[in-house]
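Next come the chains, spelled out residue by residue.
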Amino acid sequence: MLELIVISTLNGVLFGMLLFLLSSGLTVIFSMMGVLNFAHASFYMLGAFFGYQLTKWIGFWPALVLAPLLVGAVGMAVERYGLRNTHKHGHVAELLLTFGLAFAIEEIVSMIWGKSPVDYRVPAALDFPAFTIFSTNYPAYKIFMLAISVLIFVALLIALKRTRVGLIVQAALTHPHMVGHLGHNVGQVFMLVFGVGSALAGLAGVIAGPALVTQSDMAALLGPILFVVIVFGGLGSLPGAFIASLFIGLVQTFAVALNGSLASTFGPLDPSIGPSVLTDIWNVTIAQIAPVLPYVLLVVILIVRPMGLLGTRET
Amino acid sequence: MTSTAASASDIAAKSSGQNLRFYGLWVIAAIALVVLPLIFSSGGSLTSFSLIGIAIIFALSYNILLGETGLLSFGHAVYYGLGGFAAVHVMNAVAARGWPIPLPLIPLVGGIGGLVFALLIGWVMTRRAGTVFAMISLGIGELVGSSSLILRSVFGGESGISTDRTALPHIFGWTFGPQIQVYYLIAFWVLVSAMAMYALTRTPLGRICNAVRDNPGRVEFIGYDPHVVRYLAYSFAGFFAGIAGGLAAINFEIANSAYLGAVQSGMVLFATFIGGASYFFGPILGAILVTYLQLGLTSLTSVWQLYFGIIFIGIVMFAPGGIAGLLMMHRPLIRAGTLGMVIPSYLVAALPTLALACGVILSIETVARYTVTGGEGNIVKLLGIPFNTTAPATWGIAAVLVVGGFIVARITWRRIAEAWDRAASIARDRGYLA
Numbered sequence: 291m292l293e294l295i296v297i298s299t300l301n302g303v304l305f306g307m308l309l310f311l312l313s314s315g316l317t318v319i320f321s322m323m324g325v326l327n328f329a330h331a332s333f334y335m336l337g338a339f340f341g342y343q344l345t346k347w348i349g350f351w352p353a354l355v356l357a358p359l360l361v362g363a364v365g366m367a368v369e370r371y372g373l374r375n376t377h378k379h380g381h382v383a384e385l386l387l388t389f390g391l392a393f394a395i396e397e398i399v400s401m402i403w404g405k406s407p408v409d410y411r412v413p414a415a416l417d418f419p420a421f422t423i424f425s426t427n428y429p430a431y432k433i434f435m436l437a438i439s440v441l442i443f444v445a446l447l448i449a450l451k452r453t454r455v456g457l458i459v460q461a462a463l464t465h466p467h468m469v470g471h472l473g474h475n476v477g478q479v480f481m482l483v484f485g486v487g488s489a490l491a492g493l494a495g496v497i498a499g500p501a502l503v504t505q506s507d508m509a510a511l512l513g514p515i516l517f518v519v520i521v522f523g524g525l526g527s528l529p530g531a532f533i534a535s536l537f538i539g540l541v542q543t544f545a546v547a548l549n550g551s552l553a554s555t556f557g558p559l560d561p562s563i564g565p566s567v568l569t570d571i572w573n574v575t576i577a578q579i580a581p582v583l584p585y586v587l588l589v590v591i592l593i594v595r596p597m598g599l600l601g602t603r604e605t
Numbered sequence: 006m007t008s009t010a011a012s013a014s015d016i017a018a019k020s021s022g023q024n025l026r027f028y029g030l031w032v033i034a035a036i037a038l039v040v041l042p043l044i045f046s047s048g049g050s051l052t053s054f055s056l057i058g059i060a061i062i063f064a065l066s067y068n069i070l071l072g073e074t075g076l077l078s079f080g081h082a083v084y085y086g087l088g089g090f091a092a093v094h095v096m097n098a099v100a101a102r103g104w105p106i107p108l109p110l111i112p113l114v115g116g117i118g119g120l121v122f123a124l125l126i127g128w129v130m131t132r133r134a135g136t137v138f139a140m141i142s143l144g145i146g147e148l149v150g151s152s153s154l155i156l157r158s159v160f161g162g163e164s165g166i167s168t169d170r171t172a173l174p175h176i177f178g179w180t181f182g183p184q185i186q187v188y189y190l191i192a193f194w195v196l197v198s199a200m201a202m203y204a205l206t207r208t209p210l211g212r213i214c215n216a217v218r219d220n221p222g223r224v225e226f227i228g229y230d231p232h233v234v235r236y237l238a239y240s241f242a243g244f245f246a247g248i249a250g251g252l253a254a255i256n257f258e259i260a261n262s263a264y265l266g267a268v269q270s271g272m273v274l275f276a277t278f279i280g281g282a283s284y285f286f287g288p289i290l291g292a293i294l295v296t297y298l299q300l301g302l303t304s305l306t307s308v309w310q311l312y313f314g315i316i317f318i319g320i321v322m323f324a325p326g327g328i329a330g331l332l333m334m335h336r337p338l339i340r341a342g343t344l345g346m347v348i349p350s351y352l353v354a355a356l357p358t359l360a361l362a363c364g365v366i367l368s369i370e371t372v373a374r375y376t377v378t379g380g381e382g383n384i385v386k387l388l389g390i391p392f393n394t395t396a397p398a399t400w401g402i403a404a405v406l407v408v409g410g411f412i413v414a415r416i417t418w419r420r421i422a423e424a425w426d427r428a429a430s431i432a433r434d435r436g437y438l439a
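Chains as they are written, first to last, in this note's numbering: chain A, 291 to 605; chain B, 6 to 439.
Hints are computed from structural coordinates only; laboratory data are not their basis.
Interface residues of chain B toward chain A, partial, derived using beta-carbon atoms under 10 Å:
1) 79
2) 129
3) 137
4) 141
5) 144
6) 148
7) 149
8) 152
9) 274
10) 278
11) 312
12) 314
13) 320
14) 323
15) 369
A short list of chain A residues far from chain B (calculated; beta carbon distances all over 12 Å):
16) 344
17) 351
18) 356
19) 359
20) 360
21) 416
22) 420
23) 428
24) 431
25) 437
26) 449
27) 473
28) 501
29) 537
30) 549
31) 554
Ideal Cβ placement from N, Cα and C applies to all residues, glycine included.
Work out the full structure, taking the sequences as your base and the hints as a guide.
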């Protein structure tokens, strides 16, 4: 039991940090531009596939740098040539544009790399057990992923709190018009933020690709969870997104690891009842309901606290 | 005094003329629905018509949210799917217990299924509009979609729940075994639902929905709660989506978890938006087009969904009013008689635009064939001309068509815009709004 708790906590924090790499960009983009970037998870997927392809051509370490930059460039192009032109039609049109993009990117990826998972492997230099804990080997690559995400987190924090650009971004979060009046080129800031946000998503993809499955449906699987994270944490709140990412990461990891069901706790139901919704619920394991849990949390938070954990705007 | 009386009778005459035209349209639609299968009587076209009919109800129900109330939902298929499951369960119960419920009433059961769930969940969901609503609808869609795989006794797991539509009590000797009878059942419900949904847009509720879409703040000032209005609109949308789902369950004799999945939700959004959300007939056009493309393209190309994505992005960026919006833009020009000024520029633009489209299609198909098989001698046929996907010439032609087509087409598009401005300003001078 202790082993399970330690390992799941490690995995959960890792998944949570990955989620934060994505949700931080999504939150900043949303608060600044009012655009919910539906294609954000698609940038994550692009990162994974670019990482895979570049690793094949030039090796993992150059890919780790190049792939996020490429994704960032794609993101900036989307902002400059797509969103900026759609802005005049309102936020719904922008949201629909990114929805269409997410759809098209998934199709393009499955057209080029196929629908089945690609063979994106952990680099040889990191393919060893970092330490053994209660007879479980913990892979070094996961420690590396954790280190990268913590590094990015700290860098992001410093960039936001200590640099001039960060100051402008923070100001534009709450008062975009005022920032514009002060003479800053808000359009350029938007493009930059969109690029950085996409690049972070791409980086998450590059490092998560070998550990998870790199497949053309990975964006569709992760995207909705990202939205849950940012609604749960409170729209436009970075600390909220951080807490929600960790929380949902931990919840999902623990749920997958636990095998209990109502039947195993309280004993099986009387078989004479026959199959019904009750027996379904009685026999389902926690691991089986893991994919549903984030959405249950979403409904609960909407009923209990509609603005999200740390949100200031009413959701 | 006499002048006001005259104008009043004028208005009465005008409105009665409009009424006549209005009812005439519905009568024509009804006749068309009856005659259509007599002209195209093959099995394939009957199936297509049935699917299009279901898609029309579904898209119109979605437009109660998107077009009328301004709510962008990414989870509308939930109501379609739950309606389908409600219909299947009731059909099986009717067949097993011998209740006197004939098949034509089953879509109503589907509608009630959708309505009940919309009433349950809608209050929480419609608290806010806009992006927040969109995200929540996505979350609820995922929640129901994933739960459907867990609650096996209700949703039948991966395989779904099947039924037999002929096992229900027959009326007027109709067994609903042959597709033609199912088609007429669907056609009947299409007409009834479309009329009901059109009527809904003309009620005070429909009008206040429009107001909530355009300016919720002012709606509150005049004493309505936008939340309640959105909730009502949401419930109606759930009801009509459930009818569509019930018809789908009758048509396929099965309901499975794909009915309430994200793909279905995406398709109805595509259909509605491509058709045009701002006019009542927009979603009808969109449903016909998207279903037709879906049926036609799947046999032609393996990447048909990519074309949907591209069409959708193009519509969002360049024609947010959809096809209906594009068509209706020309109405003032036709009335003012200045349409002739734009036509030549359209004709000039048609060639490079077509070249661009061919280039895009050729590149997509070439890449798709090349990466999927990667092998030798893959032939893509476009306009009857075979292209070898491994030959550099093919890639060259595709690149030239795309780049060259785009450069030339842009110039002709600018000429369209200029011609349009001239025609529209004349139309405006003549008193027709443009």
